[in-house]
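> These protein sequences, in sequence, are chains A and B.
Following the working numbering, the numbering of the first sequence begins with 1 at its first residue and continues without gaps.
Following the working numbering, the numbering of the second sequence begins with 1 at its first residue and continues without gaps.
Don't read these hints as lab results, they were simulated from the structure.
These figures come from a predicted structure and were not determined experimentally.
Check each hint, because a few of them may be wrong.
Below, simulated DSS-like cross-link-like pairs (lysine-lysine); rule was C-alpha separation at most 30 angstroms, straight line [to be verified]:
1) Lys30(B) / Lys158(A)
2) Lys140(B) / Lys158(B)
3) Lys158(A) / Lys11(B)
4) Lys136(A) / Lys168(A)
5) Lys30(B) / Lys11(B)
6) Lys168(A) / Lys158(B)
7) Lys168(A) / Lys59(B)
8) Lys14(B) / Lys46(B)
With beta-carbon atoms standing in for the labels, derived distance ranges [stated by the list, open to error]:
9) Arg104(B) / Ala227(A): 26 to 34 angstroms
10) Val64(B) / Glu161(A): 25 to 33 angstroms
11) Val64(B) / Gln170(A): 18 to 26 angstroms
12) His219(B) / Lys136(A): 49 to 57 angstroms
13) Thr177(B) / Pro141(A): 48 to 56 angstroms
14) Phe138(B) / Pro83(A): 30 to 38 angstroms
15) Asp205(B) / Phe138(A): 26 to 34 angstroms
16) Ala155(A) / Leu36(B): 58 to 66 angstroms
17) Gln45(A) / Thr143(B): 33 to 41 angstroms
Quick reminder that beta carbons are idealized off the backbone N, C-alpha and C, glycines included.
There are 2 protein chains.
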Amino acid sequence: MAITFYDLCGKNQKRFSPFGWRTRMALAHKGLDYSLELVKFTEKQKLEFSGQSLVPVIKDGETVVNDSWAIAEYLEDTYPDRPSLFGSTEGRGMAKVIDNFVTRTIQPMIPSLIIADLAANVDSGCLEYFVSSREKRFGKPLTEVQAGREGRVEAALKAMEPIRAVIKDQPFIGGETPTYADFPLFAVLQWARCGSPFQIVPADDPIHAWFDRLLDAYHGVGRSEPAAA
Amino acid sequence: MAITFYDLCGKNQKRFSPFGWRTRMALAHKGLDYSLELVKFTEKQKLEFSGQSLVPVIKDGETVVNDSWAIAEYLEDTYPDRPSLFGSTEGRGMAKVIDNFVTRTIQPMIPSLIIADLAANVDSGCLEYFVSSREKRFGKPLTEVQAGREGRVEAALKAMEPIRAVIKDQPFIGGETPTYADFPLFAVLQWARCGSPFQIVPADDPIHAWFDRLLDAYHGVGRSEPAAA
Numbered sequence: 001m002a003i004t005f006y007d008l009c010g011k012n013q014k015r016f017s018p019f020g021w022r023t024r025m026a027l028a029h030k031g032l033d034y035s036l037e038l039v040k041f042t043e044k045q046k047l048e049f050s051g052q053s054l055v056p057v058i059k060d061g062e063t064v065v066n067d068s069w070a071i072a073e074y075l076e077d078t079y080p081d082r083p084s085l086f087g088s089t090e091g092r093g094m095a096k097v098i099d100n101f102v103t104r105t106i107q108p109m110i111p112s113l114i115i116a117d118l119a120a121n122v123d124s125g126c127l128e129y130f131v132s133s134r135e136k137r138f139g140k141p142l143t144e145v146q147a148g149r150e151g152r153v154e155a156a157l158k159a160m161e162p163i164r165a166v167i168k169d170q171p172f173i174g175g176e177t178p179t180y181a182d183f184p185l186f187a188v189l190q191w192a193r194c195g196s197p198f199q200i201v202p203a204d205d206p207i208h209a210w211f212d213r214l215l216d217a218y219h220g221v222g223r224s225e226p227a228a229a
Numbered sequence: 001m002a003i004t005f006y007d008l009c010g011k012n013q014k015r016f017s018p019f020g021w022r023t024r025m026a027l028a029h030k031g032l033d034y035s036l037e038l039v040k041f042t043e044k045q046k047l048e049f050s051g052q053s054l055v056p057v058i059k060d061g062e063t064v065v066n067d068s069w070a071i072a073e074y075l076e077d078t079y080p081d082r083p084s085l086f087g088s089t090e091g092r093g094m095a096k097v098i099d100n101f102v103t104r105t106i107q108p109m110i111p112s113l114i115i116a117d118l119a120a121n122v123d124s125g126c127l128e129y130f131v132s133s134r135e136k137r138f139g140k141p142l143t144e145v146q147a148g149r150e151g152r153v154e155a156a157l158k159a160m161e162p163i164r165a166v167i168k169d170q171p172f173i174g175g176e177t178p179t180y181a182d183f184p185l186f187a188v189l190q191w192a193r194c195g196s197p198f199q200i201v202p203a204d205d206p207i208h209a210w211f212d213r214l215l216d217a218y219h220g221v222g223r224s225e226p227a228a229a
């Protein structure tokens with residue numbers, strides 16, 4: 001069967017969606033080939049076939065799956081002979097807790113650190129939509145949302161402590177090799193890396209070295225996406 | 001080898017330490033027998049041999065291990081033929097992330113919901129120490145710390161969402177049977193159950209049914225500790 005992966009893109013086909021990156025890493029981990037369909041912010045009609053409007057979506061033969069977690073479970077169950085995303089049945093539920101923890105606790109702290117910079121990486125045709133929808137969400141101009149970000153970095157770094165407590169002692173959350181448990185925070189930091197030059201994680205933080213290892217994983221799929229200048 | 005488990009106790013040998021419960025469940029999961037040494041708040045000298053003053057501590061032959069996570073790893077490595085606490089190598093690191101998430105995010109929200117009630121369950125000889133040390137920590141009388149707790153329940157329940165997202169669909173975080181990943185939040189809720197009659201988790205919350213299943217696990221070791229009246 002042929003897989004098609006629908007992922008969000010910005011200017012110059014730049015891909016920074018934190019949910020898209022979860023799926024991109026999962027496909028890389030499974031070693032699955034796929035055709036890529038890039039979807040701009042204003043091209044949500046491309047996803048109509050999935051019954052909703054958010055990336056990531058995959059179409060595998062006749063099967064359509066949206067939501068990054070649902071995609072991870074689908075890939076694990078459909079391609080059991082490929083490297084396991086979770087390591088074990090027990091690891092599947094544990095990875096889901098970690099995914100939810102990152103999505104609810106760490107991920108919401110990132111926009112106020114990068115959002116105005118991110119706008120500069122949005123395709124010009126989508127810029128008005130991006131800015132007006134985000135300004136409506138935050139209730140103020142994006143430059144104001146981002147202002148004073150230096151003072152908010154410490155809280156974001158502190159929120160990463162449950163993961164730091166593990167990867168300071170071993171290469172990845174699951175041990176010697178990456179598992180899906182690594183992907184949510186990786187994806188959040190990759191969103192920041194591709195969307196803004198602002199450095200969130202200091203070079204001497206164990207999270208920094210762990211992120212570097214994940215950028216290099218799977219033939220460097222993460223590093224292949226250029227960092228924001 | 002014979003294991004001795006040093007756990008905190010209150011009035012009538014009541015055991016409510018949230019770290020002690022992590023270890024108690026781990027020992028039950030492994031099916032290991034042990035002698036119990038109860039330690040009152042004012043009997044910390046009983047732990048001097050461990051080089052620190054906090055429960056839980058286990059002594060296994062000549063080996064002394066303190067810190068609930070270190071004990072979990074010790075038991076897993078020393079008794080590999082017993083049921084695995086983590087399910088897999090990958091699950092060990094994932095469970096550690098979850099343990100740290102609960103300890104840092106959920107556990108600190110509990111004292112202001114139960115602390116004055118908990119004092120009523122402390123041994124009379126330890127009460128002055130307990131109250132003065134806690135009042136110093138919070139900077140006000142324990143009744144004032146606890147006042148208005150109804151307004152803080154929602155935040156505590158919301159903090160449990162990463163775990164709820166998993167156990168609403170399956171019996172335990174790791175699937176059909178408990179793993180160590182369940183024990184940190186179980187232990188926190190058991191601390192509350194044994195220390196206060198205040199109901200934090202509503203009966204219709206999936207967390208409530210999950211907690212009930214864990215109270216029944218391992219021949220009901222959790223339920224054997226009476227709830228606070």
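> Hint by hint, which ones does this structure get wrong, listed from lowest number up?
Result: hints 1, 3, 4, 14, 16, 17 break, sorted rising.
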